[in-house]
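Colleague: Protein chains in written order, with our numbering: chain F, 2 to 314; chain H, 2 to 314.
Calculated from the structure, these hints are not laboratory results.
Be careful, since some hints might not be right.
For identical chains, the list gives no copy identity; a pair is met inside one copy or between any two copies.
[To be verified] Lysine-lysine pairs mimicking DSS-like chemistry, simulated, CA-CA at most 30 Å apart: (1) 185 x 44; (2) 34 x 99; (3) 56 x 34; (4) 28 x 185; (5) 254 x 207; (6) 280 x 34; (7) 101 x 207; (8) 56 x 207; (9) 254 x 101; (10) 185 x 280; (11) 280 x 28.
All values derive from a computational prediction rather than experimental measurement.
2 protein chains.
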Amino acid sequence: MHNRAAVIAVDWGTSHLRMWPLDRSGKALDCRKSADGMRTVAKNDFAAVMDQHLKALGVPDDIPAIMCGMVGSRQGWQEAPYVSVPCNIGDPALGAVKIKNTARDIRILPGIANRSTENADVMRSEETQLLGLADQMGNALSGLVCMPGTHAKWVRVEEQRVLDFFTSLSGELFAALGAASVLKHALDGAGGDINADGNMFVEGVKQSLDEPATVLNRLFSVRPKSLLHDLNNDDAAAFISGTIIGQDIAGAKARFGDTGTVTLVGSGHLGALYTSALKIAGLSSQIVSGDELAVAGLAHAARLIWPERFNTI
Amino acid sequence: MHNRAAVIAVDWGTSHLRMWPLDRSGKALDCRKSADGMRTVAKNDFAAVMDQHLKALGVPDDIPAIMCGMVGSRQGWQEAPYVSVPCNIGDPALGAVKIKNTARDIRILPGIANRSTENADVMRSEETQLLGLADQMGNALSGLVCMPGTHAKWVRVEEQRVLDFFTSLSGELFAALGAASVLKHALDGAGGDINADGNMFVEGVKQSLDEPATVLNRLFSVRPKSLLHDLNNDDAAAFISGTIIGQDIAGAKARFGDTGTVTLVGSGHLGALYTSALKIAGLSSQIVSGDELAVAGLAHAARLIWPERFNTI
Chain F
2 MHNRAAVIAV DWGTSHLRMW PLDRSGKALD CRKSADGMRT VAKNDFAAVM DQHLKALGVP
62 DDIPAIMCGM VGSRQGWQEA PYVSVPCNIG DPALGAVKIK NTARDIRILP GIANRSTENA
122 DVMRSEETQL LGLADQMGNA LSGLVCMPGT HAKWVRVEEQ RVLDFFTSLS GELFAALGAA
182 SVLKHALDGA GGDINADGNM FVEGVKQSLD EPATVLNRLF SVRPKSLLHD LNNDDAAAFI
242 SGTIIGQDIA GAKARFGDTG TVTLVGSGHL GALYTSALKI AGLSSQIVSG DELAVAGLAH
302 AARLIWPERF NTI
Chain H
2 MHNRAAVIAV DWGTSHLRMW PLDRSGKALD CRKSADGMRT VAKNDFAAVM DQHLKALGVP
62 DDIPAIMCGM VGSRQGWQEA PYVSVPCNIG DPALGAVKIK NTARDIRILP GIANRSTENA
122 DVMRSEETQL LGLADQMGNA LSGLVCMPGT HAKWVRVEEQ RVLDFFTSLS GELFAALGAA
182 SVLKHALDGA GGDINADGNM FVEGVKQSLD EPATVLNRLF SVRPKSLLHD LNNDDAAAFI
242 SGTIIGQDIA GAKARFGDTG TVTLVGSGHL GALYTSALKI AGLSSQIVSG DELAVAGLAH
302 AARLIWPERF NTI
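I would like the entire structure built from these sequences, with the hints used as guidance.
Modeller: Here it is, written out as structure tokens:
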């Protein structure tokens, strides 16, 4: 029972929902995870699904909730229109949109967009992780933030402002080639075992940095190498991973130049691969676990929106 | 009935088999197409499948056959080991491997390989198209040959010699992103309708040539553009096509430099897209239909192997 929670924090994405009752210091008292992602919830059922989870946690009706994620997209519960760059990291919190027609006070954090025609881009949920980062790091959060994943985000941050960002199709390219290309056998089940300091990963990164134009050939190259030089599947997967991560970093350098230490939001294996690749690219990095950033960002936003519900820090 | 055919030409690939009885001038008398590709034929059944098709064409046992394609790979009927670059365009014909234990004289053309560890690559069936090109063009075949497709080949040719080549994962990348990525909806069913001179295709090509490092971002960019600027699926598909073809050409320029007019083996739509993209890249091109190159190459090879079966030219 969480009838004394200060606020409920909710990260409601496409495939999952996570819910944390927060105490008056902003600390999570519990975490409820569910597969009731946006994709499986009909437009008119968001309120009912939300209520059901809050009931299961024993949260009374008068406790407000702060949400982030695709639930605020056009296809979600209610659209929370993007804040445009450049903006303050706290702007999405200040621009949180109140859900209509609910007894409970529920707000959705907007994402952030670059609305230019040339560099149009969007993020939704990463702005909350950035808010969590700013909460942890304050003004030390400066330079480039790298958030690897299916759609990796590279964010240019300075003095608590988001100056610009872009998304790259890195993780999803690895997955798509593993699902539907001649690389299928090599990439099948790979990923978790790649050695971040192994020769093939390092070579993939280096070639992407040295000659980014030839990436389509380099992606194919593991196939003839397996035929002619007995390249095994593990080494092929490591090379492809290095090629894609190296290309991702080459793109960030081309777009933003060298902006000092990269703050790398990641944990576990992917974080280790990007740390190694950034080092090869001559960029120092500091790694921050992404696991708790969403709840930290939601807590930070809740404190800005409902200061009276929290202890003074 | 083709009981007076000089030779049987066979292109036996992964998914299809094509068979042409040739007359004494090397001209195809007929064309038999079948879905009995290598993939569906068990290792010990090649001879039976071959006989069955030859019977259907009414070809007697004493007429020899020349084959190309994956039937000569390690997983095929009998391996025809790759000829290494640099080599003469006619070397695969001279190195054709005779199938063991068949009454009929059947030869398989080997593919061509670059066996270096750095630029390892293989082709199998394109060497026969090159032979067909050489047959048609003679010494006018010089510079770069571009053979677009699932795995596009770029071949450096000079004075009837294959100096080097590489493969790029261009067509297959377009297909894989259409099958298994956030671009699925945009690319679904696209391809045939892309305007080779349309703004979005041209823009995709230009950006890949100008800044090849940022390709992972540019592949993603159509998604936010559809959200923020109502980019429609047709324009998104055109941009992705231009991006991939532009990146392919940027890779060829990085690898081989500018080698004069590009001989583009293609027909129909993909040929038009590459012609436009090569022009944007400042490369002139001459387009040659690929449809009849395989049979022309097989006829050329058969004439080298069994000169007595053909009329003197």
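Colleague: Run every hint past the structure and note whether it holds.
Modeller: We went through each hint and held it up to the structure:
For a Cα distance limit of 30 Å, the shortest separation of residue 185 from residue 44 across copies, 23 Å, qualifies, whereas the shortest one inside one copy, 36 Å, does not. For the identical chains of this complex, residue 34 and residue 99 are intra-copy neighbours only, at 23 Å inside a copy versus 64 Å across copies, given an alpha-carbon limit of 30 Å. Only within a single protomer do residue 56 and residue 34 lie at most 30 Å apart by alpha-carbon distance; the minimum there is 14 Å, versus 65 Å between protomers. Taking the closest pair of Cα atoms, residue 28 and residue 185 never come within 30 Å of each other, the shortest separation being 44 Å inside a single copy and 40 Å across copies.
Taking the shortest alpha-carbon separations for residue 254 and residue 207, both the intra-copy value of 14 Å and the inter-copy value of 19 Å come in at or below 30 Å. For a Cα distance limit of 30 Å, the shortest separation of residue 280 from residue 34 qualifies neither inside one copy, at 35 Å, nor across copies, at 54 Å. Taking the closest pair of Cα atoms, residue 101 and residue 207 never come within 30 Å of each other, the shortest separation being 52 Å inside a single copy and 46 Å across copies. For a Cα distance limit of 30 Å, the shortest separation of residue 56 from residue 207 qualifies neither inside one copy, at 53 Å, nor across copies, at 55 Å.
In the homo-oligomer, the alpha carbons of residue 254 and residue 101 never lie at most 30 Å apart, since the shortest distance is 43 Å inside one protomer and 57 Å across protomers. In this homomeric assembly, residue 185 and residue 280 come within 30 Å of each other (Cα to Cα) only inside a single copy, at 29 Å, whereas the closest approach across copies is 34 Å. In the homo-oligomer, the alpha carbons of residue 280 and residue 28 never lie at most 30 Å apart, since the shortest distance is 34 Å inside one protomer and 60 Å across protomers.
Comparing the model with each numbered hint stated earlier shows that hints 4, 6, 7, 8, 9, 11 do not hold.
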